[in-house]
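Undergrad: Listed below are the residues making up each chain.
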Amino acid sequence: MKNLKMKSARASKDYSQEQLAKLCNVSRQTINAIEKGDYNPTINLCIAICKALDKTLDELFWDVEA
Amino acid sequence: MPEKIEMMLVAIMLLAAILTIAFISKNSKLKMQHFDEMQLLIRATAYRNAYFTVIGVLAALMVLSTFGLNNIVDTATQMCTALMAGITVFAVYCIKKDAFFGIDYDNKGYVYMIFAIGVFNLVMGIWRLIDGTIRVDGVITFTHGASNLIIGAGFFIVLVALLLKKSDDKSEVGE
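As they're listed, the protein sequences go chains A and B. In terms of the working numbering, the first sequence is residues 1 to 66. In terms of the working numbering, the second sequence is residues 67 to 241.
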């Protein structure tokens with residue numbers, strides 16, 4: 001399932017995938033895969049992404065509808 | 067007998083080269099490649115695929131040897147084929163999934179090296195194939211050009227995969 005919350009959080013910070021990847025010390029392809037829903041990141045990476053985007057885990061990775 | 071000694075010498079040199087590379091890479095202060103978590107998972111799958119490829123090719127060679135394959139291709143060439151098939155599968159899978167090079171790894175030198183090794187070996191192997199010196203007593207022999215052909219073909223396939231990936235990345239739609 002696509003992670004649109006993460007994508008919009010990244011856009012609101014005006015970060016490219018490349019920039020966010022550098023901040024989280026991962027490849028651009030990993031960020032792309034997470035946003036497309038092709039890869040489930042580990043908790044450590046989730047935390048790194050949340051810190052980079054100034055969001056909480058719930059805001060980016062919790063599926064409210066589930 | 068001399069040929070067996072020659073093969074033993076080749077094997078010893080290869081082992082020495084591998085040990086030297088392993089020692090240098092372990093103690094080197096050069097920047098090692100860093101792979102992120104997704105790349106590590108992809109590489110694990112690639113190793114698995116390579117492993118089963120080697121097993122599959124060896125099994126096929128075993129079956130074919132009962133039909134007289136050893137009269138056409140010597141054992142060392144067969145083994146090299148299985149190994150190169152595994153290495154190629156690993157490399158192509160990683161390249162396709164963006165897990166061949168680490169993060170922020172400057173891969174230009176690596177690509178040139180693959181090009182040089184691939185082309186050199188392929189040219190040598192094809193040359194030996196055309197002039198017939200690849201065969202000894204009618205058998206395609208490892209030390210007479212077959213190794214060059216197999217290694218060249220493998221590296222060439224990896225090079226093509228790298229170039230295709232590079233062109234795909236350029237034409238990729240931006241986010």
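Hints in this document: simulated from the structure, not taken from any laboratory. A portion of the hints provided could be inaccurate.
[To be verified] With a straight-line cut-off of 16 Å between C-alpha atoms, the simulated EDC-like cross-links for lysine to aspartate or glutamate are:
no., chain 1, residue 1, chain 2, residue 2
1, A, K2, A, D54
2, A, K36, A, D54
3, A, K22, B, E103
4, A, K5, A, E35
5, A, K5, A, D54
6, A, K5, A, E59
7, B, K163, A, D38
8, A, K7, A, D58
9, A, K2, A, E59
10, B, K236, A, D58
11, A, K5, A, D58
12, A, K22, B, D170
[As the list claims (entries may be wrong)] Which chain B residues face chain A? A few, computed with CB under 8 Å, are given here:
no., residue
13, S131
14, D164
15, D234
Glycine included, each C-beta is placed from N, C-alpha and C at the ideal position.
Undergrad: Please name the hints from earlier in the document that this structure breaks, with their numbers sorted from lowest to highest.
TA: 1, 2, 10, 13, 15
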